Amino acid sequence: QVQLEESGGAVVQPGRSLTLSCAASGFTFSSHGMHWVRQAPGKGLEWVALISNDAENIHYGDPVKGRFTISRDNSKKTLYLEMNSLRVEDTAVYYCAKDPSSGYYRYSMDVWGHGTTVSVSS
Amino acid sequence: DIQMTQSPSSLSASVGDRVIITCQASQGIHNYVNWYQHKSGEAPKLLIYDGSKLEVGVPSRFSGRGSGTEFALIISSLQPEDIATYYCQHYYSVPLSFGPGTKLEIK
Chain A
8 QVQLEESGGA VVQPGRSLTL SCAASGFTFS SHGMHWVRQA PGKGLEWVAL
58 ISNDAENIHY GDPVKGRFTI SRDNSKKTLY LEMNSLRVED TAVYYCAKDP
108 SSGYYRYSMD VWGHGTTVSV SS
Chain B
461 DIQMTQSPSS LSASVGDRVI ITCQASQGIH NYVNWYQHKS GEAPKLLIYD
511 GSKLEVGVPS RFSGRGSGTE FALIISSLQP EDIATYYCQH YYSVPLSFGP
561 GTKLEIK
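Protein sequence lines, in the order shown, are assigned to chains A and B. Numbers in our numbering are just positions in the first sequence, counted from 1, shifted up by 7. Numbers in our numbering are just positions in the second sequence, counted from 1, shifted up by 460.
Source of the hints: derived by calculation from the structure; they are not laboratory data. Please read these numbers as outputs of a predicted model, since none were measured by experiment. Please note: incorrect hints may appear among the correct ones.
[As the list claims (entries may be wrong)] With a straight-line Cα cutoff of 25 Å, these simulated PhoX-like cross-link-like pairs (lysine-lysine) come out:
(1) B/Lys567 with B/Lys499
(2) A/Lys50 with B/Lys505
(3) B/Lys563 with B/Lys505
(4) B/Lys563 with B/Lys513
(5) B/Lys505 with B/Lys567
(6) B/Lys513 with B/Lys499
(7) B/Lys563 with A/Lys84
(8) B/Lys563 with B/Lys499
(9) A/Lys83 with B/Lys567
(10) B/Lys563 with A/Lys50
(11) A/Lys50 with A/Lys72
(12) A/Lys50 with B/Lys567
Bound conformation, chain B alone (with noise of 0.2 Å):
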């Protein structure tokens, strides 16, 4: 089975800031990755399927890049309605799996 890590497990950046958050693939996985975003009381959200594609109404501030088995979410200048958790998730083979999340905080 494949197993997905994340870093940060947390972080608080600034309004404004660029935040960059990881994603590592037990093996190799081509771009077979999406994005979550989570927020408190709510339904998770796609924002990046397929490695690097902006799903529909997402902000451009939100991007995703990577290959193989390192990957990225890229928000390019953080807003406070930003505030969540993220999930990576990999979809080469099943079992399907998460990443255990980053939190992300405004300082």
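The following block holds chain A by itself, in its conformation from the complex (with noise of 0.2 Å):
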């Protein structure tokens, strides 16, 4: 079956960085877009990141431009995060999502994974 695990979540100090990571399986991990989505504490989700199934079409939500990249290895079948300069206001439980088409329009998330929690705190 379709399913996606993710990995990757620590307590970090403020202004370090960390690697969140996905391994996909069940499915042609190299034919679907790829999706970042964070819920904070209370809160409700919050779009972070998308990737194309060729890498080619990135798109990052204004909290995290020019801090987060999001990337993949389709001969791996995993999609990261790699986060820096992280911030108090980044602790979440990060969730990664597949995207039903090749994530170039359209965008929607037909599968998640069940999360990893990143604390940012001193």
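Both chains are given apart, each in its own frame, so use the hints to dock them into the complex.
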């Protein structure tokens, strides 16, 4: 079955860096766009970033632009989120999600992982 | 950037009730709206895409309607397992955004 499993969440100090991973299985990873979405404690869902199947179409939400980098390795069926200059407000559960399309249009998220927790605190 | 608002922010209803959650976009977005269900401790789940299309495996009591700036998620007969927070999400342009959510409880 289609599965996504996030890893890499940790407690880190403000200003430090962290990289999250999302391992995919059960579908042709190289055919689908992928997203990162986060949920801060007590808050709603917030879209973070998307990457097309071929990594040519990449977009970020305003709060993370210039600090976070989304990437993928289709040979390893893995999605990444490199997070730099972390802030307290980046504290959240981070979900990866599969887009039913190639990631160039009609963006939606039809399969989600269970999330990994990032806590930014001094 | 397009902003999504939802109402109500929370809702308490009885089993069997018809429930309507509304979502408003800050500008016209055709039917480029998805709806998600998020139960506590679980992964979010896509319910409705393209404004009104039911995702495979989602019970038929869920439906979506609307276009332009006004959208709605309708649960025709509320079930106990529908306790969750519901979010709309637009994909008209980037950045994508979700509504603030509607927390649904059973009376």
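Structure-based check of all given hints:
no.: 1; hint: B/Lys567 with B/Lys499; result: holds (17 Å)
no.: 2; hint: A/Lys50 with B/Lys505; result: holds (17 Å)
no.: 3; hint: B/Lys563 with B/Lys505; result: holds (15 Å)
no.: 4; hint: B/Lys563 with B/Lys513; result: holds (22 Å)
no.: 5; hint: B/Lys505 with B/Lys567; result: holds (23 Å)
no.: 6; hint: B/Lys513 with B/Lys499; result: holds (21 Å)
no.: 7; hint: B/Lys563 with A/Lys84; result: violated (35 Å)
no.: 8; hint: B/Lys563 with B/Lys499; result: holds (10 Å)
no.: 9; hint: A/Lys83 with B/Lys567; result: violated (47 Å)
no.: 10; hint: B/Lys563 with A/Lys50; result: holds (12 Å)
no.: 11; hint: A/Lys50 with A/Lys72; result: holds (20 Å)
no.: 12; hint: A/Lys50 with B/Lys567; result: holds (23 Å)
The structure fails to meet hints 7, 9 from the earlier list, while all remaining hints are met.
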